[in-house]
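*Asks:* The primary structure of each chain is shown beneath.
There are 2 protein chains.
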Amino acid sequence: MYRLFHVPLSPFCRKVRLCLAEKRIEVELVEERYWERDADFLRRNPAGKVPVLRIDGTHYAESGPICEYLEEVHRDPPLLPEGAKARFEVRRLVAWFDGKFFDEVTSKLLYERVNRKIMGTGYPDSTAVKAGAKAIKFHLDYMAWLLDQRRWLAGDALTMADFAAAAHLSSLDYISDVDWTRSENVKDWYAKIKSRPAFRSILADVVPGFRPPAHYADLDF
Amino acid sequence: MYRLFHVPLSPFCRKVRLCLAEKRIEVELVEERYWERDADFLRRNPAGKVPVLRIDGTHYAESGPICEYLEEVHRDPPLLPEGAKARFEVRRLVAWFDGKFFDEVTSKLLYERVNRKIMGTGYPDSTAVKAGAKAIKFHLDYMAWLLDQRRWLAGDALTMADFAAAAHLSSLDYISDVDWTRSENVKDWYAKIKSRPAFRSILADVVPGFRPPAHYADLDF
Numbered sequence: 001m002y003r004l005f006h007v008p009l010s011p012f013c014r015k016v017r018l019c020l021a022e023k024r025i026e027v028e029l030v031e032e033r034y035w036e037r038d039a040d041f042l043r044r045n046p047a048g049k050v051p052v053l054r055i056d057g058t059h060y061a062e063s064g065p066i067c068e069y070l071e072e073v074h075r076d077p078p079l080l081p082e083g084a085k086a087r088f089e090v091r092r093l094v095a096w097f098d099g100k101f102f103d104e105v106t107s108k109l110l111y112e113r114v115n116r117k118i119m120g121t122g123y124p125d126s127t128a129v130k131a132g133a134k135a136i137k138f139h140l141d142y143m144a145w146l147l148d149q150r151r152w153l154a155g156d157a158l159t160m161a162d163f164a165a166a167a168h169l170s171s172l173d174y175i176s177d178v179d180w181t182r183s184e185n186v187k188d189w190y191a192k193i194k195s196r197p198a199f200r201s202i203l204a205d206v207v208p209g210f211r212p213p214a215h216y217a218d219l220d221f
Numbered sequence: 001m002y003r004l005f006h007v008p009l010s011p012f013c014r015k016v017r018l019c020l021a022e023k024r025i026e027v028e029l030v031e032e033r034y035w036e037r038d039a040d041f042l043r044r045n046p047a048g049k050v051p052v053l054r055i056d057g058t059h060y061a062e063s064g065p066i067c068e069y070l071e072e073v074h075r076d077p078p079l080l081p082e083g084a085k086a087r088f089e090v091r092r093l094v095a096w097f098d099g100k101f102f103d104e105v106t107s108k109l110l111y112e113r114v115n116r117k118i119m120g121t122g123y124p125d126s127t128a129v130k131a132g133a134k135a136i137k138f139h140l141d142y143m144a145w146l147l148d149q150r151r152w153l154a155g156d157a158l159t160m161a162d163f164a165a166a167a168h169l170s171s172l173d174y175i176s177d178v179d180w181t182r183s184e185n186v187k188d189w190y191a192k193i194k195s196r197p198a199f200r201s202i203l204a205d206v207v208p209g210f211r212p213p214a215h216y217a218d219l220d221f
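Protein chains in written order, with UniProt numbering: chain L, 1 to 221; chain W, 1 to 221.
Do not rely on the hints blindly, as some may be mistaken.
In this list, chains with the same sequence are indistinguishable; a pair is considered to hold if it fits within one copy or across any two.
[As the list claims (entries may be wrong)] Simulated crosslink set (DSSO-like; lysine-lysine; CA at most 30 Å straight-line): (1) Lys187 to Lys137; (2) Lys23 to Lys130; (3) Lys130 to Lys100; (4) Lys23 to Lys117; (5) Lys100 to Lys187; (6) Lys117 to Lys85; (7) Lys49 to Lys23; (8) Lys130 to Lys85; (9) Lys85 to Lys100; (10) Lys100 to Lys134; (11) Lys187 to Lys130; (12) Lys134 to Lys23; (13) Lys23 to Lys187.
Calculated directly from the structure, the hints in this document are not laboratory data. Nothing here was measured: the structure is a model prediction, and the numbers come from that model.
Turn these sequences into a full structure, and let the hints guide you.
*Replies:* Next comes the structure, spelled out in structure tokens:
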């Protein structure tokens, strides 16, 4: 049995959970308060971060490499397309969301509003929150532009790029930070991905002290 | 002919240059002052960052996905090993250097000392510089620990993990921020990688206003 050390709202953990679930790999979820830097956990991952996936006694860290590994050992269903150029586009978008989107949006909204409270590192920095709320608009517009030309973010098939994006947006949606009225096709894309069986565990997440909006787990939102 | 839009000391650009050179792919280097957000450049990469690699009229952005793409279309010599687990370890270390090492070290030393001056964004933040100088010791020790058990960082063959690490360290070495006396085997590893033909262009880089130490380009340092 696979075991995933995670925190519920982490977009990096959610991306791995989505890839696992889409490939119908059973996994036991273990919440890890990684910021407390427990010695056992640091042995599992010297980087001190989640997600960490345990398979047959080996610990795998870093969400990008974990998803590539899962893709190589559990090919079906594929979350990377055939063809170097198409695979490049998927990886570029994963890097976009886990890099640029994370820096400009997730770290400024989710980390300020939620992680600070959970980790006890003070109040949200309102300048950061404002910058994040502004930047997400640009990103939603970029997604809308991509989805004008494609069924899914990286092309005509669902890929890890969609899961990377949905992982960030679902975490932000939990704290009501996504304006779904901004673009019809982004909303349609999210409704489509949210209704997949792989998404169920994510919609069932509960973080004490934070109550998601009513539409969070609603498939017909 | 491939064309790479880059800045000389960027570790992400250097990693791509090293992969290209190791695979003996000729490339024209074009310096791009990406922080000026030129409209033409933003069309090439809406993320507004370097590196951007142009191949047959298509622009490829994000150093990780670029290197994976190069690996798929120019397999020889391979910079990713055979076997999912070995490939995972390479990707984990690339993510370590481009993520954790970048956040804790490169962004705090190189970006404070060099990028601020070039981009005109003020003086280095001495708290950040101190934190970076402290953190690099931990990372050099981690590399020494890996190299106690392995010929190269990810195993017995040279891989992109070595290039990712060498890209960061070479940029920091240009501003004399690496203490090579800390670990004999890290120094040996760097001497070995530095003497590869792929490294020549990097050792010849010149950044106006910053003069590298005498040992920077010395293969017998």
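*Asks:* Against each hint, give a clear statement of whether it holds in the structure.
*Replies:* Results for each hint:
{"no.": "1", "hint": "Lys187 to Lys137", "verdict": "within (13 Å within a copy, 47 Å between copies)"}
{"no.": "2", "hint": "Lys23 to Lys130", "verdict": "neither (37 Å within a copy, 45 Å between copies)"}
{"no.": "3", "hint": "Lys130 to Lys100", "verdict": "both (17 Å within a copy, 26 Å between copies)"}
{"no.": "4", "hint": "Lys23 to Lys117", "verdict": "neither (34 Å within a copy, 48 Å between copies)"}
{"no.": "5", "hint": "Lys100 to Lys187", "verdict": "within (21 Å within a copy, 34 Å between copies)"}
{"no.": "6", "hint": "Lys117 to Lys85", "verdict": "neither (42 Å within a copy, 37 Å between copies)"}
{"no.": "7", "hint": "Lys49 to Lys23", "verdict": "within (24 Å within a copy, 33 Å between copies)"}
{"no.": "8", "hint": "Lys130 to Lys85", "verdict": "neither (36 Å within a copy, 42 Å between copies)"}
{"no.": "9", "hint": "Lys85 to Lys100", "verdict": "both (21 Å within a copy, 28 Å between copies)"}
{"no.": "10", "hint": "Lys100 to Lys134", "verdict": "both (14 Å within a copy, 27 Å between copies)"}
{"no.": "11", "hint": "Lys187 to Lys130", "verdict": "within (23 Å within a copy, 45 Å between copies)"}
{"no.": "12", "hint": "Lys134 to Lys23", "verdict": "neither (35 Å within a copy, 42 Å between copies)"}
{"no.": "13", "hint": "Lys23 to Lys187", "verdict": "within (24 Å within a copy, 43 Å between copies)"}
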